[in-house]
Amino acid sequence: MSTRYAFSPETLIKAYSLGVFPMADGANSQTINFYDPDVRALIPLTVGAESKQHFHIPKRLRRTVKQGRFMVTIDRDFPAVIAECAAPRPDREDTWINSDIKRLYIALHKLGFAHSIEVWDGDSLVGGLYGVALRSAFFGESMFSRATDASKVALVHLVARLRAGGFHLLDAQFTTDHLQQFGIFELPREQFQQRLAMALAKHADILPGEPDTPMVAALLTAIQTAEQPG
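Residue numbers in the sequence shown follow my numbering, run continuously in steps of one, and reach 232 at the last position.
These are calculated hints, taken from the structure and not from any lab test.
Fair warning: this is a prediction, and the values are worked out from it, not measured in the lab.
Accuracy of the hints is not assured; some may be wrong.
Restraint ranges, calculated between C-beta atoms of paired labels, are given here [claimed, not checked]:
| id | residue 1 | residue 2 | range |
| --- | --- | --- | --- |
| 1 | Asp-179 | Gly-50 | 19 to 27 angstroms |
| 2 | Pro-60 | Gln-32 | 36 to 44 angstroms |
| 3 | Pro-90 | Gly-211 | 29 to 37 angstroms |
| 4 | Asp-38 | Ala-85 | 23 to 31 angstroms |
| 5 | Leu-113 | Gly-168 | 18 to 26 angstroms |
| 6 | Met-200 | Pro-39 | 41 to 49 angstroms |
| 7 | Pro-231 | Asp-38 | 40 to 48 angstroms |
| 8 | Ala-82 | Gly-50 | 33 to 41 angstroms |
| 9 | Gln-32 | Glu-229 | 30 to 38 angstroms |
| 10 | Arg-64 | Gln-32 | 17 to 25 angstroms |
| 11 | Pro-60 | Gly-28 | 29 to 37 angstroms |
| 12 | Ala-219 | Gly-28 | 38 to 46 angstroms |
| 13 | Gln-226 | Ala-82 | 31 to 39 angstroms |
Computed cross-link-like contacts, DSS-like style, restricted to lysine-lysine with a CA-CA straight-line distance of at most 27 angstroms [stated by the list, open to error]:
| id | residue 1 | residue 2 |
| --- | --- | --- |
| 14 | Lys-16 | Lys-104 |
| 15 | Lys-112 | Lys-54 |
| 16 | Lys-54 | Lys-204 |
| 17 | Lys-16 | Lys-204 |
The beta-carbon is built from N, C-alpha and C at its ideal position, and this holds for glycine as well.
Given these sequences and hints, build the entire structure.
Written as structure tokens, this is what we have:
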């Protein structure tokens with residue numbers, strides 16, 4: 003189904019609670035379509051023996067995270083992040099984020115439902131991602147990178163924050179080559195709906211006022227411990 007401009011942020015929240023999400027046909031499209039795919043991709047929030055599916059960080063990326071080459075923030079500049087996610091890239095001339103999508107998600111951000119992770123190199127915004135938090139479910143929407151590993155660092159920090167805040171589900175919508183390295187897995191719609199219902203029944207907090215350095219350290223330690231033999 004589709005609509006032209008005429009729905010509110012509250013309608014968008016309801017759509018997420020039902021497991022559907024919006025996309026425009028292009029940056030200049032005047033129509034927003036809602037999608038409920040047969041197969042849904044999730045990024046695990048568990049590590050090692052906590053679950054059959056578990057979050058993985060390649061060793062080279064772990065070194066980058068530990069080095070602290072980038073400064074990472076949450077909700078510092080949501081409009082800039084969604085604008086960067088919508089910007090054309092060499093591998094993608096068009097985008098599914100049109101002006102109405104931007105308007106709606108900025109409104110969701112102001113209501114406290116949409117959040118951004120920003121990655122900075124000095125004063126320059128070089129990477130980030132944004133998504134929607136609803137109870138203990140987080141729906142990842144888009145990410146961008148203008149420096150090597152910047153979007154990957156943003157995802158690691160997001161997962162660390164979601165784990166610390168008690169989230170149970172991280173929806174990535176579709177599998178991509180970029181996300182394969184993190185342990186992304188797919189579920190049929192029915193199983194996704196079951197997991198979503200359980201996540202919506204539990205409270206979580208993305209902890210926007212808390213520093214994420216201890217959260218990231220805890221995540222890296224948990225992964226390292228899980229990988230140790232015996």
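Outcome of the hint check:
no.: 1; hint: Asp-179 with Gly-50: 19 to 27 angstroms; verdict: 24 angstroms, holds
no.: 2; hint: Pro-60 with Gln-32: 36 to 44 angstroms; verdict: 41 angstroms, holds
no.: 3; hint: Pro-90 with Gly-211: 29 to 37 angstroms; verdict: 35 angstroms, holds
no.: 4; hint: Asp-38 with Ala-85: 23 to 31 angstroms; verdict: 27 angstroms, holds
no.: 5; hint: Leu-113 with Gly-168: 18 to 26 angstroms; verdict: 21 angstroms, holds
no.: 6; hint: Met-200 with Pro-39: 41 to 49 angstroms; verdict: 20 angstroms, violated
no.: 7; hint: Pro-231 with Asp-38: 40 to 48 angstroms; verdict: 43 angstroms, holds
no.: 8; hint: Ala-82 with Gly-50: 33 to 41 angstroms; verdict: 36 angstroms, holds
no.: 9; hint: Gln-32 with Glu-229: 30 to 38 angstroms; verdict: 50 angstroms, violated
no.: 10; hint: Arg-64 with Gln-32: 17 to 25 angstroms; verdict: 44 angstroms, violated
no.: 11; hint: Pro-60 with Gly-28: 29 to 37 angstroms; verdict: 33 angstroms, holds
no.: 12; hint: Ala-219 with Gly-28: 38 to 46 angstroms; verdict: 41 angstroms, holds
no.: 13; hint: Gln-226 with Ala-82: 31 to 39 angstroms; verdict: 34 angstroms, holds
no.: 14; hint: Lys-16 with Lys-104; verdict: 18 angstroms, holds
no.: 15; hint: Lys-112 with Lys-54; verdict: 37 angstroms, violated
no.: 16; hint: Lys-54 with Lys-204; verdict: 22 angstroms, holds
no.: 17; hint: Lys-16 with Lys-204; verdict: 17 angstroms, holds
Checked against the numbered hints given earlier, the structure breaks hints 6, 9, 10 and 15 and satisfies all the rest.
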